[in-house]
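So the chains spell out like this:
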Amino acid sequence: KQEVTQIPAALSVPEGENLVLNCSFTDSAIYNLQWFRQDPGKGLTSLLLIQSSQREQTSGRLNASLDKSSGRSTLYIAASQPGDSATYLCAVRWDGGSQGNLIFGKGTKLSVKP
Amino acid sequence: NAGVTQTPKFQVLKTGQSMTLQCAQDMNHEYMSWYRQDPGMGLRLIHYSVGAGITDQGEVPNGYNVSRSTTEDFPLRLLSAAPSQTSVYFCASSYRAQGLDYGYTFGSGTRLTVV
Numbered sequence: 296k297q298e299v300t301q302i303p304a305a306l307s308v309p310e311g312e313n314l315v316l317n318c319s320f321t322d323s324a325i326y327n328l329q330w331f332r333q334d335p336g337k338g339l340t341s342l343l344l345i346q347s348s349q350r351e352q353t354s355g356r357l358n359a360s361l362d363k364s365s366g367r368s369t370l371y372i373a374a375s376q377p378g379d380s381a382t383y384l385c386a387v388r389w390d391g392g393s394q395g396n397l398i399f400g401k402g403t404k405l406s407v408k409p
Numbered sequence: 201n202a203g204v205t206q207t208p209k210f211q212v213l214k215t216g217q218s219m220t221l222q223c224a225q226d227m228n229h230e231y232m233s234w235y236r237q238d239p240g241m242g243l244r245l246i247h248y249s250v251g252a253g254i255t256d257q258g259e260v261p262n263g264y265n266v267s268r269s270t271t272e273d274f275p276l277r278l279l280s281a282a283p284s285q286t287s288v289y290f291c292a293s294s295y296r297a298q299g300l301d302y303g304y305t306f307g308s309g310t311r312l313t314v315v
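Line by line, the protein sequences give chains A and B. Positions in the first sequence are counted from 1; adding 295 to them yields my numbering. Positions in the second sequence are counted from 1; adding 200 to them yields my numbering.
There are no misleading hints in this set.
Only part of the chain B face toward chain A is listed, based on derived beta-carbon distances under 8 Å:
{"#": "1", "residue": "SER233"}
{"#": "2", "residue": "LEU243"}
{"#": "3", "residue": "LEU245"}
{"#": "4", "residue": "VAL250"}
{"#": "5", "residue": "ASP256"}
{"#": "6", "residue": "GLY258"}
{"#": "7", "residue": "TYR304"}
By construction, these hints were calculated from the structure, which means they are not laboratory data. We put the beta carbon where it would ideally sit given N, CA and C, even for glycine.
This is chain A alone, in the form it adopts within the complex (with noise of 0.2 Å):
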């Protein structure tokens, strides 16, 4: 079965450190994958979305990292702030399935302390 997994499932910081979530997926097979942010009682905004031929992607402080042949995905955070804290949603689109359809992690959700 195609599944996602991202460990841990709560993380704590201090204001201003660097910091790394994870993601690891069954079958490498992959046509894209993608990093989702998630404020409480909100909806989902998408943060990078990394296409199958593609390594990584940056955008501001974050950059997501791509490995297939080891089934993980990395969301780095750099200098992180309290307004970074939130759930973070690892999102898959297998080959063969259909356009848009994700499978989706169980999130992170990151606590940035002033």
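Dock chain B against chain A, hints included.
For chain B alone, coordinates are given in the frame of chain A:
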């Protein structure tokens, strides 16, 4: 630019009632989908559509119907509500360009309670 709009934001239903959750997007995205989010289960795909007139089932379709008569709208119908359908429902859209998916956009969600 409204993106993906979901209505209502909150709803309480009695067991056995039916209702329709509305979803509309103004980005001309061909792909639309419905997910439900439950504690400890994450987001799971209910139904999806790759274009007007085309719909298909996702991982958890039982108890739900969809139709796609226009590119903009993708309503989700609960036929006979059950307490197990208590959840937060999200509508999403995206588009394809040069063989790749782009532009994943989620609505703000509908929080449904079935009593």
